[in-house]
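Asks: What follows is each chain in one-letter form.
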Amino acid sequence: MKNRIKNIFSLLFALMIISTLVVGISGCSTSEKEEAAKPTTRTITDRAGNEVTLPTPELIERAAIFGSPSTQVLYALGVQDKMVATSSGAKSSKFLQKKDPHILDVPDPRATAGSINVEELVSLDPQVVLAGGTDAQIVEDGTNIPVVRTSSGESTPVGEYINNCKTTVNFFAMVFGKEDRAQVYCDYLDNAQDRIQKKLKDISEDQKIKVFKAYNADHLTTYGGDTYMQEWIEAAGCLNAAKDVSTIGGKEGGLGQVNMEQVLMWDPDIIVINSGQPEDLFNDPVWSQLDAVKNHQVYRLPAGIFIWNRPTIESAVLFPQWLGSLAYPEQFNDFSIEDEVKAYYSEVLKWELTDEDVNEILHPE
Amino acid sequence: MQTEITWTRNKYLKILFRPWTMLIVMPLIGILVSLFIGRYSASPATVVSVFLSKLLPWVDFGIPSTAEVALIWVRLPRLILATFVGMSLAISGASFQGVFRNPLVSSHILGVASGASLGAGIAIIMDAPLWVIQLSAFCSGLAAVAAAYFIGKIFGETGTLTIVLAGIIIGSLFGAALSILKYGADPETKLPEITFWLMGSLAASNWSRVTMALPAMVLGIGGLLSLRWKINVLSLGDEEAKAMGINTNILRAAIIICCTIVTAAAVCVSGVIGWVGLVIPHIGRMLVGPDHKDLLPACLALGGTYLLLVDDIARTIASSEIPIGILTALIGTPFFVFILKQRGTSWS
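These protein sequence lines are chains H and X, in that order. Mapping to numbering that gives the first Met the number 0: the first sequence position 43 is 42, numbers consecutive. Mapping to numbering that gives the first Met the number 0: the second sequence position 216 is 215, numbers consecutive.
Quick caveat, the hints were computed from the structure, so don't treat them as lab data. We put the beta carbon where it would ideally sit given N, CA and C, even for glycine. Heads up, some of the hints might be wrong.
Listed below are the simulated DSSO-like cross-link pairs for lysine-lysine, each with C-alpha atoms no more than 30 Å apart in a straight line [claimed, not checked]:
# : chain 1 : residue 1 : chain 2 : residue 2
1 : H       : Lys198    : H       : Lys242
2 : H       : Lys293    : H       : Lys198
3 : H       : Lys90     : X       : Lys53
4 : H       : Lys98     : X       : Lys181
5 : X       : Lys181    : H       : Lys93
6 : H       : Lys37     : H       : Lys97
7 : H       : Lys198    : H       : Lys165
8 : H       : Lys293    : X       : Lys181
9 : X       : Lys181    : H       : Lys97
To spell it out: a stretch of chain H is covered by chain X in this simulated footprint if at least three of its residues, at any positions, have a beta carbon under 8 Å from a beta carbon of chain X; those stretches are [to be verified]:
#  : segment
10 : 276 to 285
11 : 306 to 314
Between the sequences and the hints, there should be enough to build the whole structure, so can you do that?
Replies: This is the structure in structure tokens:
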């Protein structure tokens, strides 16, 4: 009895080995044939200088990204359908939910920088992960998915953020083989910058408008001179009231808190808020002392695919034009920000926006 | 009996003369000095003439209206708020230390700070206006302490230790809920806002905040001052207090309610400012001794002045604000180590 069972097992085992071999050999031979015709993988150098082997562009169908700015790049390249993971921030964008409801079905395995649910990420079976910093390290250590680093790891100096947008788009385009779409974005950005510069060429330093970014519910949190926002405001031909503020986090994420006395000292010409509505300031006894409030130069920050207070590719194009047209209406008299928003979405994202869409972007809530 | 009361009165008049003078003089001097310090550069002459112009409205001093706004509408309410927040945290810390007979408890021991933080966090996530954030913080702070108190009650009559334990439990629970909130919060917009709130700041002070918080603070401080003799009795322990014919449960509840009202009012206008309610009572005890009838006024004076001065640093040293909660911790912790080393005075 025992022997018979043993025999049956041996037989099964032998069958298993044979079948594996057969399948294996046939599998090998077919892929060899394909490889001769066309390679399935290639090796690239990512932005941190590492060599990564990943599927060729036309074979990438499932890519995982973690950040809201990267999500936008995928939309600009028209490869958003290949996105199997995105950020919770991107999913919370009301405008994006409306224009592409599919975004709500895309999982967000990264909760915050450095905190990734690796098991969920693996279950999504991405062919490539595009990430930076700690996130990239976590995925690399915990899985065998190819990790492409999308940032050099060094912080971008102020003055290089707009160029960095082009570098980022070009890099993503190289991974996805969408160089033509990247070119559209880069040309669009260059044109937008030329346009502003032409309009503002006669504005001298002492004519420049002073802008204060008054964030949070108390309107007393701002981006200082060591952040990307300095560059965004300068690109609009304006001055950042909070240029001397050095922010705690520093660089792009850094916000600094200031007090009302300081704001009264600055006495900005334009105030940009991201919480509440301008009317709140018009009726406030202290804020209404400021020239900006007296002249009703208080504006709510627009929010497209993402709110324009991040160094995203959308805000790099649109924020300087939006702010510039508010600060210098005379120079921008032949310009309509509504048309510009429509044009950007039409040319870069290939989305045709309605007037209602544009209104939602420019006047959130 | 009659003689005993007279005796107490005389002693009170003699000894208390000192803390009461401190109570009035120190914060007043502090506010007067601080009026001349700030980011809005106004010459001492301007400062004086702005306030003279308020006293003598018929004289024209020719002051720019911005200077008036900066001093009367921005700086003055902030100084008042800083003083009262400091007073509230210090007096509630001292009272709690007496009631719970424990030198290591502070104003936040029963979970009021965690409760208020959660309330503020929820309101921030909901994109609520400022006054809703404050109200939500205040109510949630009260709710946390109420929860701690009743959990303490469930465990029995023995009182103090179980209430402190329940406070720690509730504090952790609300802290965990806040962590969930922060974890899910939008890292680009909402998370920084919550973080700033948690670090504590008086940057957004104005008269409407003063009128919102001051009544609650004055009420609670008044209540604690009127109960300050009885805290002495409680600090002897329940048995002895009961032997003296005092209903310890009602008394303790009354003191906890007063402390909670003042702390919640302080937290809802200033965020979480630690190390005031713990350190100031110890300094007070070094100066006037452990008797609560002297200690509480002394704590008011010290706490108010201390926070006023620390806030002067926070608001003037750089063009961006330094979160005051960070400063009080930086100053408070080494100081506390120093006090512990000097420890000679008894706390009960």
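Asks: All hints are to be evaluated individually against the structure, with a verdict given for each.
Replies: For each hint, the structure was consulted:
no., hint, verdict
1, H:Lys198 x H:Lys242, "holds (24 Å)"
2, H:Lys293 x H:Lys198, "holds (27 Å)"
3, H:Lys90 x X:Lys53, "violated (54 Å)"
4, H:Lys98 x X:Lys181, "holds (28 Å)"
5, X:Lys181 x H:Lys93, "holds (20 Å)"
6, H:Lys37 x H:Lys97, "violated (40 Å)"
7, H:Lys198 x H:Lys165, "holds (23 Å)"
8, H:Lys293 x X:Lys181, "violated (37 Å)"
9, X:Lys181 x H:Lys97, "holds (26 Å)"
10, 276 to 285, "holds (count 3)"
11, 306 to 314, "holds (count 3)"
In this structure, the hints that do not hold are numbers 3, 6 and 8, in rising order.
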